[in-house]
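As given, the protein sequences belong to chains A and B, one line each in that order. So for the first sequence, our numbering puts the first residue at 69; every next one is plus one. So for the second sequence, our numbering puts the first residue at 5; every next one is plus one.
Be aware that a few hints might be false.
[Said to hold, decoys possible] Here are the computed lysine to any residue pairs in the SDA-like style, where the Cα-Cα straight-line distance is at most 20 angstroms:
{"hint": "1", "chain 1": "A", "residue 1": "Lys89", "chain 2": "B", "residue 2": "Ala233"}
{"hint": "2", "chain 1": "A", "residue 1": "Lys154", "chain 2": "B", "residue 2": "Asp220"}
{"hint": "3", "chain 1": "A", "residue 1": "Lys154", "chain 2": "B", "residue 2": "Glu227"}
{"hint": "4", "chain 1": "A", "residue 1": "Lys179", "chain 2": "B", "residue 2": "Ala233"}
{"hint": "5", "chain 1": "A", "residue 1": "Lys154", "chain 2": "B", "residue 2": "Ala234"}
{"hint": "6", "chain 1": "A", "residue 1": "Lys89", "chain 2": "B", "residue 2": "Leu112"}
{"hint": "7", "chain 1": "A", "residue 1": "Lys89", "chain 2": "B", "residue 2": "Leu118"}
{"hint": "8", "chain 1": "A", "residue 1": "Lys154", "chain 2": "B", "residue 2": "Gln129"}
{"hint": "9", "chain 1": "A", "residue 1": "Lys154", "chain 2": "B", "residue 2": "Leu118"}
{"hint": "10", "chain 1": "A", "residue 1": "Lys89", "chain 2": "B", "residue 2": "Asp147"}
{"hint": "11", "chain 1": "A", "residue 1": "Lys179", "chain 2": "B", "residue 2": "Ala150"}
{"hint": "12", "chain 1": "A", "residue 1": "Lys154", "chain 2": "B", "residue 2": "Leu151"}
{"hint": "13", "chain 1": "A", "residue 1": "Lys179", "chain 2": "B", "residue 2": "Asp142"}
{"hint": "14", "chain 1": "A", "residue 1": "Lys89", "chain 2": "B", "residue 2": "Glu227"}
{"hint": "15", "chain 1": "A", "residue 1": "Lys154", "chain 2": "B", "residue 2": "Leu155"}
{"hint": "16", "chain 1": "A", "residue 1": "Lys179", "chain 2": "B", "residue 2": "Leu155"}
{"hint": "17", "chain 1": "A", "residue 1": "Lys89", "chain 2": "B", "residue 2": "Asp126"}
The set of hints was computed from the structure by calculation and includes no laboratory data.
Spelled out from the first residue to the last, the chains are:
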Amino acid sequence: MKCLVVDDSATMRRIVINALKSIGYGNVVEAGDGREALEHCDPSIDLVVTDWNMPVMGGLEFVRHLRARPATAKLPIIMVTTRSVKEDILQAVEAGVSSYILKPFTPQALKEKIDHVVSLASGSA
Amino acid sequence: MLTPPGEPRVAELAESLEFLSDVLHQLRDLEPTAPVPAPLGELAGFLRERPHLSDLPDVVLRAHQEISVALTGIRLTRETIESHALGRLRDTNSRLSEVSSTTESATLQILDGLDGAIDRIDALQERVATPADSAELDHLRRDVNALFSHLQFQDITSQQLRGVGQFLEDLEHRMSRVVVLLDYSMVGAPGGQVTLDCGLGAPAPATFDPAASLRDVGPRQAEIDRTLAARSGAARPTSV
């Protein structure tokens with residue numbers, strides 16, 4: 069499985085990538101914002117893990133772009149962010165995120181979310 | 005009653021007093037402990053209602069006293085804001101930025117070290133002879149991976165510091181405007197040109213979350229899971 073990690077923080081990208089590797093997802097590409105991520109988002113990507121607050125193109129807009137493209141309309145997307153206000157969660161769901169996890173997270177929590185969204189995607193395929 | 009050219013001058017004086025009174029009222033909106041500027045407004049009203057020349061010297065004297073006190077207060081306030089508050093705000097913001105960038109650099113160095121440790125554990129794992137040694141290395145790898153996760157504090161505290169930095173910038177901006185306003189009121193700019201518009205304009209795109217927090221992650225994630233479940237119809241609690 070190939071994962072795309074999107075976060076403007078270099079430290080967070082490395083932490084997320086390490087978490088993915090530790091739970092068995094070693095094939096990872098990374099991007100520093102939504103616009104850069106759209107360039108990386110080819111059909112080989114199986115899962116997106118994205119931050120919300122980023123310059124140039126934020127996570128929410130990035131997710132909307134992905135959902136608008138037929139090729140990525142059902143791609144599993146996990147939002148990893150610090151935002152926990154209910155309105156934010158609903159906004160993210162409306163934009164099209166498959167799941168949502170708060171920072172700081174554990175690799176185990178990320179694995180549960182990935183298993184869930186991947187099983188949903190498999191079921192809907 | 006007044007005779008020309010006295011009447012226009014009284015009207016001019018009343019207008020000036022009203023302007024000064026407005027400025028002091030606006031200042032009072034910013035600083036509720038400032039003196040109540042009621043007397044100037046009253047004097048202006050008095051001049052408009054009773055423009056008798058015989059009253060004018062007394063009115064002018066009272067106005068002069070009020071204005072002198074007000075201008076002295078304004079001058080001292082402006083000097084204090086300019087010489088102390090603005091400089092300190094800038095300095096504090098600069099220090100916060102330094103703390104944030106230093107912490108980020110240190111975190112990246114720690115991540116380099118942890119990556120190196122994982123590589124060594126992997127290399128050792130290929131050479132171990134016994135299952136016990138292998139289990140020990142697995143345990144060590146889990147510990148190192150947990151350290152990676154703990155370093156998420158840097159991203160969260162960095163967002164908190166940026167939130168504080170933005171607040172200080174806003175405060176500096178507002179105080180700079182107050183200093184400009186006080187300059188205008190010292191030299192008597194036309195009333196229409198002086199405002200205390202402290203609006204911050206259109207909000208910049210959010211690149212950080214000022215409410216980012218390390219607290220109560222478990223309960224907040226549980227609430228998020230409930231919200232997601234309510235939307236999808238399937239509860240999936242997350243380990244935290």
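Each hint tested on the structure:
1. Our distance criterion of 20 angstroms between C-alpha atoms is broken by Lys89 (chain A) and Ala233 (chain B), whose separation comes to about 28 angstroms.
2. For the hint pairing Lys154 (chain A) with Asp220 (chain B), the CA-to-CA distance comes to about 15 angstroms; that is within 20 angstroms, so the pair holds.
3. Distance check on the hinted pair: Lys154 (chain A) and Glu227 (chain B) sit about 8 angstroms apart at the alpha-carbon level, within 20 angstroms; holds.
4. Under the criterion of a C-alpha separation no larger than 20 angstroms, the hint pairing Lys179 (chain A) with Ala233 (chain B) is consistent with the structure, at around 18 angstroms.
5. Our distance criterion of 20 angstroms between C-alpha atoms is met by Lys154 (chain A) and Ala234 (chain B), whose separation comes to about 12 angstroms.
6. For the proposed pair Lys89 (chain A) and Leu112 (chain B), the alpha carbon gap of about 18 angstroms is at most 20 angstroms, so the pair holds.
7. The hinted pair formed by Lys89 (chain A) and Leu118 (chain B) meets the criterion: a straight-line CA distance of about 14 angstroms does not exceed 20 angstroms.
8. A threshold of 20 angstroms between alpha carbons decides the hint, and for Lys154 (chain A) with Gln129 (chain B) the separation of about 45 angstroms lies outside it, so the pair is violated.
9. At roughly 35 angstroms between alpha-carbon atoms, Lys154 (chain A) and Leu118 (chain B) are farther apart than 20 angstroms, so this suggested pair is violated.
10. Restraint check: the Cα-Cα separation between Lys89 (chain A) and Asp147 (chain B) comes to about 14 angstroms, which is no more than 20 angstroms; the hinted pair holds.
11. With a CA separation close to 14 angstroms, the supplied pair Lys179 (chain A) and Ala150 (chain B) stays within the 20 angstroms bound.
12. Restraint check for Lys154 (chain A) and Leu151 (chain B): the C-alpha separation of about 30 angstroms exceeds 20 angstroms, so the hint is violated.
13. Straight-line distance between C-alpha atoms of Lys179 (chain A) and Asp142 (chain B) comes to about 18 angstroms, which keeps the hinted pair within the 20 angstroms bound.
14. The straight-line distance between the Cα atoms of Lys89 (chain A) and Glu227 (chain B) is roughly 28 angstroms, outside the 20 angstroms bound, and the hint therefore fails.
15. Taken as a hint, the Lys154 (chain A) and Leu155 (chain B) pair is broken in the structure, with Cα atoms around 26 angstroms apart against an allowance of 20 angstroms.
16. As the CA atoms of Lys179 (chain A) and Leu155 (chain B) are separated by approximately 19 angstroms, the hinted pair is consistent with the 20 angstroms bound.
17. Between Lys89 (chain A) and Asp126 (chain B), the direct Cα distance comes to roughly 13 angstroms. Compliance with the 20 angstroms bound is thereby established for this hinted pair.
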